[in-house]
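Respectively, the protein sequence lines represent chains L and U.
Residues in the first sequence are numbered from 1 upward in steps of one, following our numbering.
Residues in the second sequence are numbered from 1 upward in steps of one, following our numbering.
Note that these hints are calculated values from the structure, not bench results.
Any given hint could be a false lead.
As the list claims (entries may be wrong) - If you only want the chain U side, here are some residues facing chain L, beta carbon under 10 Å, derived: (1) Pro8; (2) Asp165; (3) Ala167; (4) Met168; (5) Glu170; (6) Ala171; (7) Ala172; (8) Ala173; (9) Arg179; (10) Gln181; (11) Val186; (12) Pro189; (13) Asn190; (14) Leu192.
Stated by the list, open to error - Now the in silico label distances, taken between C-beta atoms and shown as ranges: (15) U:Arg269 to L:His118: 25 to 33 Å; (16) U:Lys90 to L:Ser298: 57 to 65 Å; (17) U:Ile77 to L:His212: 39 to 47 Å; (18) L:Gln53 to U:Pro159: 26 to 34 Å; (19) L:Val171 to U:Pro159: 28 to 36 Å; (20) L:His118 to U:Leu258: 40 to 48 Å.
As the structure is a computational prediction, the values presented were derived from the model and not from experiment.
Just so it is clear, CB atoms sit at the ideal spot from N, CA and C, and this is done for glycine as well.
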Amino acid sequence: MSISVNNISKHFGAFTALDNISLDIPEGELVALLGPSGCGKTTLLRIIAGLEQADQGDVFLKGDKVTDQPVKNRQIGFVFQHYALFRHMTVFENVAFGLRVKPRRERLGEAIIRKKVHDLLSLVQLDWLHDRYPDQLSGGQRQRIALARALAVEPSVLLLDEPFGALDASVRKDLRQWLRNLHHDLNVTSIFVTHDQEEAMEVASQVVVLNHGRIEQQGAPGDIYDHPANAFVSRFIGQTNVFDLDEHDADWLQTVGLSMAQQKGKIAHVRPHDIVIEKSTHHSDAYVTLKDWQHLGSLIRIELVKSGVNGQAASVYAEMSNDQFRRLHLNRGDKVDLRIRHAHWFH
Amino acid sequence: MPQSNIMPGFRPAISFTLVYLALIVLIPLSAMLLKTFQLSLDEYWAILTNARVQASFRVSFGAALIAAVIAGVFGFIIAWSLVRYNFPGKRLFDALIDLPFALPTAVAGIVLATIYEPRGWIGKLVMDSTGIQIAYKPLGITFALIFIGLPFVVRTVEPVLQEFDTAMEEAAASLGATRLQAFVKVILPNILPATITGVALAFARGVGEYGSVIFIAGNMPYISEIVPLLIITKLEQYDYAGATAIGLTMLILSFLLLLLINGLQWWVRRRSGQL
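Isolated chain L, as found in the complex (with noise of 0.2 Å):
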């Protein structure tokens, strides 16, 4: 194990950050901890590198008991959410800072530090700015620096809180892939913090969903999107239609396909792609109308509504590929059959 945190626990006054977490994480791996804001996914990262003290429990880097370890001592690199480069300095010190404050027996000569910090500019492809001021790059440029600025220390495990949160979306997008590239190259062990289940589940290996100070569930991103452990893991990853079968649903439910026998709790969870649509044949009880449709790239989202036993009506989304929905030759306002294929249940 490279990273081991064992019944962590912290609390700010009367609030829990963190109720008894464990967690253990492999060398290698590139971890995404995700959850809503204030799930203390911030705190337990901020713990593991030592900037935050823990209550109660330990925490374990390549297998030494760092609990009582300043965050100097740990090895770790942190890259912050703001980034939190030395304003003062040009790029090329902020990133030879960890090499020059060694201590002097342990420090490297200057042409060293000057072809390492050269290295590492370029392996963040950014060594023409290497004579600047953070002041002067942009949010994605201070995002790389910090980047290697945290990688010259040449840490053990690498953290980094929140890493793509200040950038625009485009930029977002190419820092994802490029993050995740560099993690193959590199191969140090990381985890990063994000509130954001689509960069969770396209950067990281292994996906830790935490809610309310507590771990939900862990896995593989295509586990938690598969398998979700509850009712809070589905519908906080991906998107997902929640039909409570106390609310008259059951009838309905099956009418369009789902089998009862299958039933395993009172609320089914139906993501968007498991819902298929034709046209309305013929006056069947299970229509929905079709209200509306976005795009999102290579999928239609189409927006249905159906109306409920007491005349309430409920909106139900379900998504397919473009040429499909093409075929299909719907337009607003139509009656649609439907069918649901699979379902979560829970309690």
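Go by the hints and put chain U onto chain L.
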């Protein structure tokens, strides 16, 4: 108007500024300049090279400079404590900092003189233990000027320290820096420009300070006589031209020193990437 300004009110604003500057600053200063022209260059030079005048310049500028630097160090520490730590009575302490601003300077001077004179509370203590006399010496002047200059430093450093991103400190620690290294390499360079501004303000105020100094200074010619006092003395002897000559020289020296400090500040800011 060939083109309209985006910011409205340019004319009234600039007119007001110019009238104000003229009435309050330029006209009085020009009057002083004109008065000095009543003297010939030789007379002017004779006044300036007078040993007593030169001694007073040394006392005034020397004490103000030393006091400003000491106030810079103390003020930094006080601002640091106020921003970084919580302690009982912090708000009261915070309010006390501004007292030298509000207190009539003569009152401050009398109080300081009473306490630091050889028979005063603290003066006696220092006298008995070290044999150093504070009041009625240049040392006393420096003490008074530290008192006067301190709030300038605290109030300029405090907001900058408050705004300082503590994540930078955490970043330094995560990169292996000790607390001392983080302070010297990360915190200090970011706070230094504000500290220099505070020191410059304290210095400018200290050079011209009169009320709080004359009571503790002892006012002995050649030893503890400050320039403002010398000007008053000349005025009392109806030597208006002599008084303005000294005043003008002081003005020029202060201006040059402030220019120097501004240059120093520009250099620090530039070196720390804030320009």
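Against the structure, the hints come out as follows:
1. Pro8: 31 Å, violated
2. Asp165: Given a least distance of 6 Å, the restraint on U:Asp165 holds.
3. Ala167: Because about 4 Å separates U:Ala167 from the closest Cβ in chain L, which is inside the 10 Å limit, the hint holds.
4. Met168: 5 Å, holds
5. Glu170: 5 Å, holds
6. Ala171: 4 Å, holds
7. Ala172: 7 Å, holds
8. Ala173: 5 Å, holds
9. Arg179: Given a least distance of 9 Å, the restraint on U:Arg179 holds.
10. Gln181: 5 Å, holds
11. Val186: Constraint on U:Val186 satisfied, holds at 6 Å.
12. Pro189: With a minimum Cβ separation of about 4 Å from chain L (threshold 10 Å), the hint on U:Pro189 holds.
13. Asn190: 6 Å, holds
14. Leu192: 9 Å, holds
15. U:Arg269 to L:His118: 25 to 33 Å: 27 Å, holds
16. U:Lys90 to L:Ser298: 57 to 65 Å: 60 Å, holds
17. U:Ile77 to L:His212: 39 to 47 Å: 43 Å, holds
18. L:Gln53 to U:Pro159: 26 to 34 Å: 30 Å, holds
19. L:Val171 to U:Pro159: 28 to 36 Å: 32 Å, holds
20. L:His118 to U:Leu258: 40 to 48 Å: Check passed, 42 Å falls within 40 to 48 Å.
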